[in-house]
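Novice: Sequence:
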Amino acid sequence: FFALQLFQCREEPHTIGGISLDGYLKGASVLVFNHMKELGVRIDEGTVASLHEALGSRVGNKLFIVAPALTFDFQQDYIDLGDVRYYALRIPYSIIHELHRREFTALKQPSDEMAVNDTVEAVGFDFIRTPELKYKAGLERKKDEQFEHGFIKITTFKSEAVVREPYKKKKNLETLAMVMLDYDYDEKSQVSGLNDIFYADAIEKDGWKVRFPIENLGKKIMAVFIDIYGNEARVLMDVEEFRKSTSRRSATKKSKKNIVKRK
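Residue numbers (our numbering): 7 to 269.
Treat the hints with caution; some may be incorrect.
The calculated DMTMM-like cross-link candidates involving lysine to aspartate or glutamate, where the alpha carbons are at most 25 angstroms apart (straight line), are [claimed, not checked]: (1) 149 - 190; (2) 148 - 59; (3) 142 - 190; (4) 159 - 79; (5) 164 - 244; (6) 148 - 238; (7) 140 - 89; (8) 68 - 51; (9) 164 - 221; (10) 140 - 190; (11) 159 - 138; (12) 68 - 89; (13) 176 - 138; (14) 32 - 59; (15) 142 - 89; (16) 176 - 151; (17) 176 - 238; (18) 225 - 207; (19) 140 - 244; (20) 140 - 51; (21) 140 - 188; (22) 176 - 221; (23) 177 - 207; (24) 215 - 86; (25) 226 - 17; (26) 142 - 59.
Quick caveat, the hints were computed from the structure, so don't treat them as lab data.
Keep in mind that this is a model prediction, so the values were computed, not measured.
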């Protein structure tokens, strides 16, 4: 399948909970959305919830959903349900347009590596997956500060070129360009408003940490991590990721920092 090769997935059809899946990526199952068969169908949080009802923990701790970017009705890169993380792998519209121009209309149409390379070359850019991101979130107060601040500490940020060679492999955190935060993200409208921008040089000087006043926070925070190629990793964070550790710290009284880890 073209879509599987685009994201370097292994083609291996299998079925879990009555759901037909198409392959594997990093040991996790992959579902390719058939946008030609399901014309007009959108992938929203309800769609993911329905998948979760059928798959549950039998799918493991993650599932990758591959579909045209405009098919997804949510902005974040993944949705957590129970112990399973559902990742959205978005195919840019420029790739879809080039496929249609070549009368290569189906993402599940068999292809070879050369066809993938040729298509990406035609649209004139390196197709790069969503950057790999791991972070810790919590509250902290420095010695010279009167009040606590929220923080996001970036522990892993890697961009990986998929189909064009040669390229110089970058080290961890080397490709981070900036982090943008919407402190009060509106889930209903799904419109993200920019509140703050933190650039990589300043983030690096603070130990790869983004810090902000907690009074800025609403119920949901959209964090957008952008690499030097313009690719984004989007995370929708609940304010409880920062605040729920407050009671834990008050119980122990030994720790000066509350941390929630995310991978």
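Novice: Against this structure, judge whether each hint is valid.
Specialist: Each hint, compared with the structure:
A threshold of 25 angstroms between alpha carbons decides the hint, and for residue 149 with residue 190 the separation of about 28 angstroms lies outside it, so the pair is violated. Annotation: proposed proximity of residue 148 to residue 59 is violated, straight-line Cα distance about 44 angstroms (limit 25 angstroms). Restraint check for residue 142 and residue 190: the C-alpha separation of about 19 angstroms stays at or below 25 angstroms, so the hint holds. A hinted pair counts as satisfied when its Cα atoms are at most 25 angstroms apart, and residue 159 with residue 79 does not qualify at roughly 28 angstroms.
Distance restraint check for residue 164 and residue 244: the Cα-Cα separation of roughly 24 angstroms lies within the 25 angstroms cut-off, and the hinted pair is therefore satisfied. The suggested pairing of residue 148 with residue 238 is violated, with an alpha-carbon distance near 30 angstroms, which exceeds 25 angstroms. Proximity of residue 140 to residue 89 is assessed by CA-CA distance (about 17 angstroms); at most 25 angstroms being required, the pair is judged to hold. A C-alpha spacing of about 15 angstroms is found between residue 68 and residue 51, which places the hinted pair at or below 25 angstroms, so the restraint holds.
In summary, the hint linking residue 164 to residue 221 is not supported, as the alpha carbons are separated by about 31 angstroms, beyond the 25 angstroms threshold. This hinted pair checks out: residue 140 and residue 190 have alpha carbons roughly 22 angstroms apart, not beyond 25 angstroms. This hinted pair checks out: residue 159 and residue 138 have alpha carbons roughly 14 angstroms apart, not beyond 25 angstroms. This hinted pair checks out: residue 68 and residue 89 have alpha carbons roughly 8 angstroms apart, not beyond 25 angstroms.
Proposed proximity of residue 176 and residue 138 is supported: the alpha carbons are some 12 angstroms apart, at most 25 angstroms. With a C-alpha separation of about 23 angstroms, the suggested pair residue 32 and residue 59 falls inside the 25 angstroms cut-off, and the hint holds. Restraint check for residue 142 and residue 89: the C-alpha separation of about 18 angstroms stays at or below 25 angstroms, so the hint holds. Distance restraint check for residue 176 and residue 151: the Cα-Cα separation of roughly 36 angstroms exceeds the 25 angstroms cut-off, and the hinted pair is therefore not satisfied.
For the suggested pair residue 176 and residue 238, the alpha carbons sit about 16 angstroms apart, so the restraint of at most 25 angstroms is met. In summary, the hint linking residue 225 to residue 207 is not supported, as the alpha carbons are separated by about 29 angstroms, beyond the 25 angstroms threshold. Of the pairs offered as hints, the one joining residue 140 and residue 244 holds, with about 16 angstroms between alpha carbons and a cut-off of 25 angstroms not exceeded. Between residue 140 and residue 51 the CA atoms are separated by roughly 22 angstroms; this keeps the pair inside 25 angstroms, and the hint holds.
In summary, the hint linking residue 140 to residue 188 is supported, as the alpha carbons are separated by about 19 angstroms, within the 25 angstroms threshold. The straight-line distance between the Cα atoms of residue 176 and residue 221 is roughly 36 angstroms, outside the 25 angstroms bound, and the hint therefore fails. Annotation: proposed proximity of residue 177 to residue 207 holds, straight-line Cα distance about 15 angstroms (limit 25 angstroms). A hinted pair counts as satisfied when its Cα atoms are at most 25 angstroms apart, and residue 215 with residue 86 qualifies at roughly 24 angstroms.
Distance restraint check for residue 226 and residue 17: the Cα-Cα separation of roughly 37 angstroms exceeds the 25 angstroms cut-off, and the hinted pair is therefore not satisfied. Among the hinted pairs, residue 142 with residue 59 is inconsistent with the structure: their alpha-carbon atoms are about 29 angstroms apart, more than 25 angstroms.
Checked against the numbered hints above, the structure violates hints 1, 2, 4, 6, 9, 16, 18, 22, 25 and 26; every other hint is satisfied.
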